[in-house]
Amino acid sequence: LLLAALGAQAAAGDFDPYRVLGVGRSSSQADIKKAYKRLAREWHPDKNKDPGAEDKFIQISKAYEILSNEEKRANFDRYGDAGESQGYSQHQHRQFHHFHEGFYFDESFFHFPFNSERRDTSDEKYLLHFSHYVNEIVPDSFKKPYLIKITSDWCFSCIHIEPVWKEVAQELEALGVGIGVVHAGYERRLAHHLGAHSTPSLLGLINGKITFFHNAVIRENLRQFVENLLPGNLVEKITDKNYIRFLSNWKKENKPHVLLFDHMPVVPLLYKLTAFAYRDYLSFGYVYVGLRGTEELSSQYNINVYTPTMMIFKEHIDRPADVVQARDMKKQLIDDFLSQNKFLMVARLTNQRLFQELCPMKKSHRQRKHCVVLLTGEGDKFAEAYEAFLTFAVANTKDTLKFVHIYNDRQPEFADALLMNEEKYRGKSAVVILERRNNAGKIAYKTLEEAWQGSKEDNFILLDLLDQLRTDPGLLSSETVLADLNDELAPMFLIRWLYSMLDYISDCWDSLFHSNWREMMPLLSLLFSALFILFGTVIVQAFSDSSDTRDSPPSEKEETATKTEKNDASFSKESNSRIPKKGFVEVTELTDINYNSNLVRLRPGHMNVVLILSNSTKTILLQKFALEVYTFTGSSSLHFSFLSLDKHREWLEYLLEFAQDAAPIPNQYDKHFLERDYTGYVLALNGHKKYFCLFKPHRSGDEGGTLESCEDYNSSLHTEARGKSSCSPGSRSIKNKLHKLSFWMERLLEGSLQRFYIPSWPALD
Numbered sequence: 001l002l003l004a005a006l007g008a009q010a011a012a013g014d015f016d017p018y019r020v021l022g023v024g025r026s027s028s029q030a031d032i033k034k035a036y037k038r039l040a041r042e043w044h045p046d047k048n049k050d051p052g053a054e055d056k057f058i059q060i061s062k063a064y065e066i067l068s069n070e071e072k073r074a075n076f077d078r079y080g081d082a083g084e085s086q087g088y089s090q091h092q093h094r095q096f097h098h099f100h101e102g103f104y105f106d107e108s109f110f111h112f113p114f115n116s117e118r119r120d121t122s123d124e125k126y127l128l129h130f131s132h133y134v135n136e137i138v139p140d141s142f143k144k145p146y147l148i149k150i151t152s153d154w155c156f157s158c159i160h161i162e163p164v165w166k167e168v169a170q171e172l173e174a175l176g177v178g179i180g181v182v183h184a185g186y187e188r189r190l191a192h193h194l195g196a197h198s199t200p201s202l203l204g205l206i207n208g209k210i211t212f213f214h215n216a217v218i219r220e221n222l223r224q225f226v227e228n229l230l231p232g233n234l235v236e237k238i239t240d241k242n243y244i245r246f247l248s249n250w251k252k253e254n255k256p257h258v259l260l261f262d263h264m265p266v267v268p269l270l271y272k273l274t275a276f277a278y279r280d281y282l283s284f285g286y287v288y289v290g291l292r293g294t295e296e297l298s299s300q301y302n303i304n305v306y307t308p309t310m311m312i313f314k315e316h317i318d319r320p321a322d323v324v325q326a327r328d329m330k331k332q333l334i335d336d337f338l339s340q341n342k343f344l345m346v347a348r349l350t351n352q353r354l355f356q357e358l359c360p361m362k363k364s365h366r367q368r369k370h371c372v373v374l375l376t377g378e379g380d381k382f383a384e385a386y387e388a389f390l391t392f393a394v395a396n397t398k399d400t401l402k403f404v405h406i407y408n409d410r411q412p413e414f415a416d417a418l419l420m421n422e423e424k425y426r427g428k429s430a431v432v433i434l435e436r437r438n439n440a441g442k443i444a445y446k447t448l449e450e451a452w453q454g455s456k457e458d459n460f461i462l463l464d465l466l467d468q469l470r471t472d473p474g475l476l477s478s479e480t481v482l483a484d485l486n487d488e489l490a491p492m493f494l495i496r497w498l499y500s501m502l503d504y505i506s507d508c509w510d511s512l513f514h515s516n517w518r519e520m521m522p523l524l525s526l527l528f529s530a531l532f533i534l535f536g537t538v539i540v541q542a543f544s545d546s547s548d549t550r551d552s553p554p555s556e557k558e559e560t561a562t563k564t565e566k567n568d569a570s571f572s573k574e575s576n577s578r579i580p581k582k583g584f585v586e587v588t589e590l591t592d593i594n595y596n597s598n599l600v601r602l603r604p605g606h607m608n609v610v611l612i613l614s615n616s617t618k619t620i621l622l623q624k625f626a627l628e629v630y631t632f633t634g635s636s637s638l639h640f641s642f643l644s645l646d647k648h649r650e651w652l653e654y655l656l657e658f659a660q661d662a663a664p665i666p667n668q669y670d671k672h673f674l675e676r677d678y679t680g681y682v683l684a685l686n687g688h689k690k691y692f693c694l695f696k697p698h699r700s701g702d703e704g705g706t707l708e709s710c711e712d713y714n715s716s717l718h719t720e721a722r723g724k725s726s727c728s729p730g731s732r733s734i735k736n737k738l739h740k741l742s743f744w745m746e747r748l749l750e751g752s753l754q755r756f757y758i759p760s761w762p763a764l765d
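All residue numbers for the sequence shown refer to the numbering used here, where the first residue is 1 and numbers rise by one.
Treat the hints as calculated values from the structure; they're not laboratory data. Please read these numbers as outputs of a predicted model, since none were measured by experiment. For every residue, glycine included, the Cβ atom is placed at its ideal position computed from N, Cα and C. Please note that the accuracy of each hint is not assured.
Said to hold, decoys possible - Taking CB as the label site, the calculated pair distances span:
{"no.": "1", "residue 1": "197", "residue 2": "135", "range": "22 to 30 Å"}
{"no.": "2", "residue 1": "173", "residue 2": "689", "range": "36 to 44 Å"}
{"no.": "3", "residue 1": "400", "residue 2": "323", "range": "20 to 28 Å"}
{"no.": "4", "residue 1": "465", "residue 2": "421", "range": "18 to 26 Å"}
{"no.": "5", "residue 1": "174", "residue 2": "751", "range": "42 to 50 Å"}
Use the sequences and the hints to build the structure in full.
Set out below in structure tokens:
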């Protein structure tokens with residue numbers, strides 16, 4: 001037993017919260033809180049750009065969670081662990097674990113990875129953080145879809161789906177799907193940003209858009225879910241009837257065309273993912289060789305029907321520019337094949353991005369890259385010159401030399417900057433050799449002295465200039481600055497607007513029926529409330545009109561007397577409805593004596609509504625608070641208290657840290673932090689589930705009709721905490737802080753308020 005105890009003490013976890021916060025074991029809660037605030041400011045990921053800042057910040061938060069809770073701190077001091085179980089059973093468990101290590105009978109035998117220390121290490125490489133997600137994952141989702149899992153500690157359902165998740169993640173990652181894992185316990189900000197309110201949750205991300213998975217977690221459903229994320233028009237089915245039309249579109253689309261010949265009846269997921277990744281550069285078609293109606297296509301290109309074959313077609317549709325065959329098409333093989341054939345032999349410059357890719361800026365003197373540009377026009381008149389230039393380009397293309405062409409009438413600024421509106425080039429084609437010097441549009445260039453006709457003499461002159469350019473970079477003697485190219489293939493504004501509207505409607509539909517019910521609840525509640533009021537008004541008006549028609553019209557004197565009585569009755573009703581029937585509302589002060597019973601050990605389903613006040617505002621705020629919450633005192637699950645800001649400011653500030661985004665935390669500790677006025681704040685505290693809802697006071701000027709006179713106000717309310725009040729403008733502004741509290745209480749009972757969860761309730765010193 002002695003050896004087991006010593007072994008348990010030596011093997012106590014490497015995590016020491018005292019060492020993380022830099023405090024001693026005898027430190028007070030004030031010292032621990034001060035050290036936590038200092039380290040949180042220093043290591044917050046949004047403030048500290050160190051790669052390990054996020055992990056360090058998590059350790060700091062975990063250490064403070066342990067040391068700020070007296071029970072967890074006592075467990076750690078006794079047993080070296082602050083687990084949720086009681087100290088004795090935790091101690092027994094550790095002794096049992098180490099005593100039976102020789103028999104290989106520890107908790108890993110049961111494979112219950114509940115907490116972070118026993119989490120499956122296969123998910124470690126997929127873990128996502130907020131900054132990594134925003135800066136890298138979202139932009140990358142425009143090239144490949146992502147499948148993301150939201151998990152947490154002590155999640156039994158997460159354990160059930162783990163085998164399927166492992167298998168599918170490995171399979172889809174090999175096909176080119178991005179995999180991500182978000183731990184909701186450590187990445188609450190990211191989980192909230194994704195809209196995940198429960199664990200486990202699975203979602204897909206593509207083109208920056210999030211879609212949740214709602215079916216049974218099995219391999220087939222997950223594969224189908226990822227496939228449904230992809231656009232439906234990525235790959236066109238090709239047969240003998242449409243292959244000529246498909247391949248002939250290279251000129252209109254300005255892209256090479258890819259054909260995959262395979263004996264599968266459906267398009268493989270790997271091919272769809274590849275088409276999505278290269279959709280800006282290539283057009284994709286699929287030929288099912290086992291289908292009747294593809295025999296002519298297979299025989300023309302001599303296809304082996306038993307081996308998957310991929311072909312690239314560029315300017316010539318009668319023969320492929322490149323071919324690859326393999327029994328097992330791997331992603332790496334396809335990527336290498338396509339990355340070498342992303343552009344036509346003589347691509348047309350249709351936008352600035354394409355110009356920068358085909359004619360990159362020089363990085364050094366040894367890495368000079370030149371572009372040979374044919375400035376021509378559209379139509380049969382220029383066809384001969386273009387064909388001659390294409391033939392020359394096929395014979396002389398190199399890594400340091402790219403051949404492109406441009407239409408003068410579609411890019412007039414580009415053509416005018418290079419040809420200077422010279423008469424000899426008007427209505428004819430011209431060839432320019434250029435080199436980009438910087439990203440601002442500066443280039444060095446040389447124009448062939450004569451117009452390009454495509455003759456042998458023109459070919460010899462151009463070839464001679466290119467040979468001279470290898471040894472004499474100064475041959476490009478002219479310089480100019482080019483404006484950005486027009487985007488010729490961009491859709492019209494009306495079409496872009498229509499697509500945006502369709503995407504927005506689709507997002508709203510998904511959010512309404514699947515994704516974020518909690519976020520949609522306030523909107524739905526407002527909508528149904530408005531409809532109820534509208535129909536209720538119509539029905540009441542209909543009944544009142546029918547009753548008026550049946551009654552005989554009264555005389556003028558009777559009508560005047562009736563109106564006077566009705567007005568008096570309505571006035572008395574309005575005034576009496578705001579007066580408490582019992583004459584008081586029970587509001588108790590929250591102190592360290594009743595803190596456990598009124599909050600920490602509050603029964604499940606019960607909430608304590610706490611008003612924050614100071615000694616100077618106590619009487620005024622209590623009176624207004626009691627009047628606002630009186631109509632809700634019939635609920636046995638609500639309790640009402642007040643908290644003195646002068647005594648417990650630190651406790652309140654600790655809670656408010658959880659009621660804001662993580663980014664503003666470092667800015668809280670400025671010189672004006674202790675001067676903030678929290679009077680009028682109201683907290684609805686759920687002690688059992690450890691969350692709270694926050695009401696911030698209304699700070700605008702007095703609104704007409706919202707406040708009664710001081711005399712009527714004070715005479716209509718007698719609370720347990722009696723005091724003096726005044727009718728000064730200052731007291732009216734203090735009362736006005738709570739004048740919308742009743743609406744907030746209604747939303748609290750509806751469950752539509754935002755909830756802020758905390759790890760544990762802090763001590764009330």
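How the hints compare with the structure:
1. 197 to 135: 22 to 30 Å: 25 Å, holds
2. 173 to 689: 36 to 44 Å: 37 Å, holds
3. 400 to 323: 20 to 28 Å: 26 Å, holds
4. 465 to 421: 18 to 26 Å: This hint holds: roughly 23 Å between Cβ atoms.
5. 174 to 751: 42 to 50 Å: 44 Å, holds
Hint compliance for this structure: every hint is met.
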